[in-house]
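Undergrad: This is what each chain is made of:
Protein chains: 2
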Amino acid sequence: MSKITIRELAKELGIAVSTVSKALRDSHEISSETKAKVLEVATRLNYIPNLYASSLRRQKSRTIAVVIPEVADSFFSIAINGIEEVAREKGYHVLIYLSHESLARETEILNEFKSGRVDGLMISVTSETCSGTHITEAMNSGLPVVFFDRICEDIQAARVITDDFESSYTATRHLLENGCRQPVFLSISSNLSINQKREAGFLKALGEAGIQTDKGRIIQCTGNDEEIAMQILHLLQNPERPDGLIASVEKLVPPVYMACQQTGCRIPEDLRVVGFTNLPAAPILNPALTTVTQPAFEIGKTAAALLFKGIEKAGFDLSKEIQVVRSRLMKRASSGA
Amino acid sequence: MSKITIRELAKELGIAVSTVSKALRDSHEISSETKAKVLEVATRLNYIPNLYASSLRRQKSRTIAVVIPEVADSFFSIAINGIEEVAREKGYHVLIYLSHESLARETEILNEFKSGRVDGLMISVTSETCSGTHITEAMNSGLPVVFFDRICEDIQAARVITDDFESSYTATRHLLENGCRQPVFLSISSNLSINQKREAGFLKALGEAGIQTDKGRIIQCTGNDEEIAMQILHLLQNPERPDGLIASVEKLVPPVYMACQQTGCRIPEDLRVVGFTNLPAAPILNPALTTVTQPAFEIGKTAAALLFKGIEKAGFDLSKEIQVVRSRLMKRASSGA
Numbered sequence: 454m455s456k457i458t459i460r461e462l463a464k465e466l467g468i469a470v471s472t473v474s475k476a477l478r479d480s481h482e483i484s485s486e487t488k489a490k491v492l493e494v495a496t497r498l499n500y501i502p503n504l505y506a507s508s509l510r511r512q513k514s515r516t517i518a519v520v521i522p523e524v525a526d527s528f529f530s531i532a533i534n535g536i537e538e539v540a541r542e543k544g545y546h547v548l549i550y551l552s553h554e555s556l557a558r559e560t561e562i563l564n565e566f567k568s569g570r571v572d573g574l575m576i577s578v579t580s581e582t583c584s585g586t587h588i589t590e591a592m593n594s595g596l597p598v599v600f601f602d603r604i605c606e607d608i609q610a611a612r613v614i615t616d617d618f619e620s621s622y623t624a625t626r627h628l629l630e631n632g633c634r635q636p637v638f639l640s641i642s643s644n645l646s647i648n649q650k651r652e653a654g655f656l657k658a659l660g661e662a663g664i665q666t667d668k669g670r671i672i673q674c675t676g677n678d679e680e681i682a683m684q685i686l687h688l689l690q691n692p693e694r695p696d697g698l699i700a701s702v703e704k705l706v707p708p709v710y711m712a713c714q715q716t717g718c719r720i721p722e723d724l725r726v727v728g729f730t731n732l733p734a735a736p737i738l739n740p741a742l743t744t745v746t747q748p749a750f751e752i753g754k755t756a757a758a759l760l761f762k763g764i765e766k767a768g769f770d771l772s773k774e775i776q777v778v779r780s781r782l783m784k785r786a787s788s789g790a
Numbered sequence: 454m455s456k457i458t459i460r461e462l463a464k465e466l467g468i469a470v471s472t473v474s475k476a477l478r479d480s481h482e483i484s485s486e487t488k489a490k491v492l493e494v495a496t497r498l499n500y501i502p503n504l505y506a507s508s509l510r511r512q513k514s515r516t517i518a519v520v521i522p523e524v525a526d527s528f529f530s531i532a533i534n535g536i537e538e539v540a541r542e543k544g545y546h547v548l549i550y551l552s553h554e555s556l557a558r559e560t561e562i563l564n565e566f567k568s569g570r571v572d573g574l575m576i577s578v579t580s581e582t583c584s585g586t587h588i589t590e591a592m593n594s595g596l597p598v599v600f601f602d603r604i605c606e607d608i609q610a611a612r613v614i615t616d617d618f619e620s621s622y623t624a625t626r627h628l629l630e631n632g633c634r635q636p637v638f639l640s641i642s643s644n645l646s647i648n649q650k651r652e653a654g655f656l657k658a659l660g661e662a663g664i665q666t667d668k669g670r671i672i673q674c675t676g677n678d679e680e681i682a683m684q685i686l687h688l689l690q691n692p693e694r695p696d697g698l699i700a701s702v703e704k705l706v707p708p709v710y711m712a713c714q715q716t717g718c719r720i721p722e723d724l725r726v727v728g729f730t731n732l733p734a735a736p737i738l739n740p741a742l743t744t745v746t747q748p749a750f751e752i753g754k755t756a757a758a759l760l761f762k763g764i765e766k767a768g769f770d771l772s773k774e775i776q777v778v779r780s781r782l783m784k785r786a787s788s789g790a
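Respectively, the protein sequence lines represent chains A and B.
Each residue of the first sequence is one higher than the one before, counting from 454 in my numbering.
Each residue of the second sequence is one higher than the one before, counting from 454 in my numbering.
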């Protein structure tokens, strides 16, 4: 029995070849009734779809995925704009997935990529992500991966990062030079390599200034927004409250300012404040906030450019690429500058 | 000739049934060499994949798409969190697409959905979107669609909105009650139905107070961030500058505050300010910003719940659903409250 063609199938059905083709591709343009009829005849006549061709069609999704912990943070929203600028030039779509700081959710998202849904992945891991088995598995399936900002130290993969240790060290020295003797560092997770580096930079500057670096200097802020706000309020209500503070992520800034309003603690007179943030409102806060401003747009662009090199250039070993884009300390009123 | 089974195919190839199955599904777990061999034998033996079954498998992507103009806006980032909360309960993934206020890009994104990539769509249109042909086409392909916040008036589709007219009217009355006689309304687009409603609410309050509602009262802020900042600076440098201002979107707030810092224009003494924004930093600005706070999380949740009703409930006519969630005027120092 010779191989039946799509043309013969169409003739048998008395409909156009294009209709048959669309029905076999499960196109929305074709009614389910027609689809059922086409499938019935195709099965009866032993029609074999050209699997090679459809496999070829599927090969490139022209889509890249960005997996980030949250979107309500200026760093990520600006980084996404940098990523999209590069992707647009390349004619690619960008899908944004939110892990909501949950390792389980991040794993679930990455499992989806194994089916070839996307051509490449850019990821900034959750604060729960200690081990990266789910990420190496995706990489082993042939998916080009670039880490940005929040990386997994134990995975050899392309990474675009900023100088977290140095910028935290510089910010802390700035606080000390402005008279702080009891500064604290507000963290949200000690799992994250970027936080570990920021903490290390903070402690190094303290050590050099002969300031005790006991455990109480690093404060883990955990729980939901209300719980974090309460924790910070208690910190500032304490008679032995700090005289300086580094907020390691943007979402810690509003509760610090609010707690100061509530307790009558004056910024910068009683508490000098620096925040790691790309908040556009930083210069118009009361008082204007001194920030470690990360090159968010630049990081997004650089990471995307690297990913496309990995996608397009055969034989290019993406995993060895490391690029560091420097952050800037923007001195404003909140640190007494 | 009887129909050949996958089992016979595996036997002929001397490999496991599961390997054959995976190869036919183009799984990443199988080498291209093996895939080629499987396809070659499948073609030679006239193997017919069970199209019904694979069509069934494809039917539900368990993914919904959210198309928004931008992500660097607290309204959208909070709305996304509301959407994700509902999607998570339903076991669905959420894909976020950014249209960057470009109709061309929005159209391109929507065209992609016709292939059944997602099970439902939530959209807040761009400021360029006057006509919604690209959206009705997607709806006609059977895709459940819910508009949220920024809708297309001329499309009959489910919509979850807030009371833009009323909240703008209330905000304007608040400015007038606090002594404003020359207020202006800063807009970014008169295409958008939400902006038209906010403008109408503003003009109605002015009319009732016997204040001239000439064209100069509504100011269109266009161009990139720098151009908008210059435009606002010029407005406040003008000797006949306004004594009150409504910023109709979040991104207009920082340039207004910055222009005041540069020109020595004091908020609220010289200029009373209200902003439509969900900015968490609103209470800690200098001075604290009076806001029309939209129920962003609630809008996201409500819209998602509606979409899932459309996806899951056969015969449910989504297109007639309209839900209005009310905004709140949060009076703070910037309006002289």
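Each hint should be verified, as a subset may be incorrect.
The list treats identical chains as one, so a pair stands whether inside a single copy or across any two.
Keeping only pairs whose Cα atoms sit at most 35 Å apart, straight-line, the calculated DSBU-like set for lysine-lysine is [unchecked claim]:
id, residue 1, residue 2
1, LYS773, LYS488
2, LYS668, LYS766
3, LYS668, LYS784
4, LYS488, LYS762
5, LYS490, LYS784
6, LYS567, LYS475
7, LYS657, LYS488
8, LYS754, LYS650
9, LYS762, LYS657
10, LYS567, LYS754
11, LYS704, LYS543
12, LYS475, LYS543
13, LYS488, LYS766
14, LYS754, LYS668
15, LYS704, LYS784
16, LYS488, LYS650
Since the hints were made in silico from the structure, they are not lab data.
In this text the structure is predicted, and so the values were computed from the model without any measurement.
Undergrad: My question is about LYS488 and LYS766: at a cut-off of 35 Å on alpha-carbon distance, are they close within one copy, between copies, both, or neither?
TA: Answer is between; shortest inter-copy Cα gap is 23 Å, intra-copy 40 Å.
Undergrad: Can you tell me if LYS704 and LYS543 fall within 35 Å by alpha carbon in one copy, between copies, both or neither?
TA: both (33 Å within a copy, 28 Å between copies)
Undergrad: Tell me, please, which holds for LYS704 and LYS784 at an alpha-carbon limit of 35 Å: within, between, both or neither?
TA: This pair counts as both: shortest intra-copy Cα distance 19 Å, inter-copy 23 Å.
Undergrad: Between the shortest in-copy and the shortest cross-copy C-alpha distance, which are at most 35 Å for LYS488 and LYS650: within, between, both, or neither?
TA: neither (58 Å within a copy, 45 Å between copies)
Undergrad: Should LYS668 paired with LYS784 be assigned to within, between, both, or neither, using CA atoms and 35 Å as the limit?
TA: within (27 Å within a copy, 41 Å between copies)
Undergrad: Within a copy, between copies, both or neither: where do LYS668 and LYS766 come within 35 Å Cα-Cα?
TA: Neither, since 48 Å and 55 Å both go past 35 Å.
Undergrad: From the Cα coordinates, with 35 Å as the cut-off, is the pair LYS762 and LYS657 best called within, between, both, or neither?
TA: neither (37 Å within a copy, 56 Å between copies)
Undergrad: Tell me, please, which holds for LYS475 and LYS543 at an alpha-carbon limit of 35 Å: within, between, both or neither?
TA: both (28 Å within a copy, 31 Å between copies)
Undergrad: My question is about LYS567 and LYS475: at a cut-off of 35 Å on alpha-carbon distance, are they close within one copy, between copies, both, or neither?
TA: both (26 Å within a copy, 12 Å between copies)
Undergrad: Please sort LYS488 with LYS762 into within, between, both or neither, judging by C-alpha distance up to 35 Å.
TA: between (41 Å within a copy, 26 Å between copies)
Undergrad: Could you figure out if LYS754 and LYS668 sit no more than 35 Å apart (CA to CA) within one copy, between two copies, both or neither?
TA: neither (38 Å within a copy, 41 Å between copies)
Undergrad: Between LYS773 and LYS488, at a C-alpha cutoff of 35 Å, which is it: within one copy, between copies, both, or neither?
TA: between (49 Å within a copy, 30 Å between copies)
Checked against the numbered hints above, the structure violates hints 2, 5, 7, 9, 14 and 16; every other hint is satisfied.
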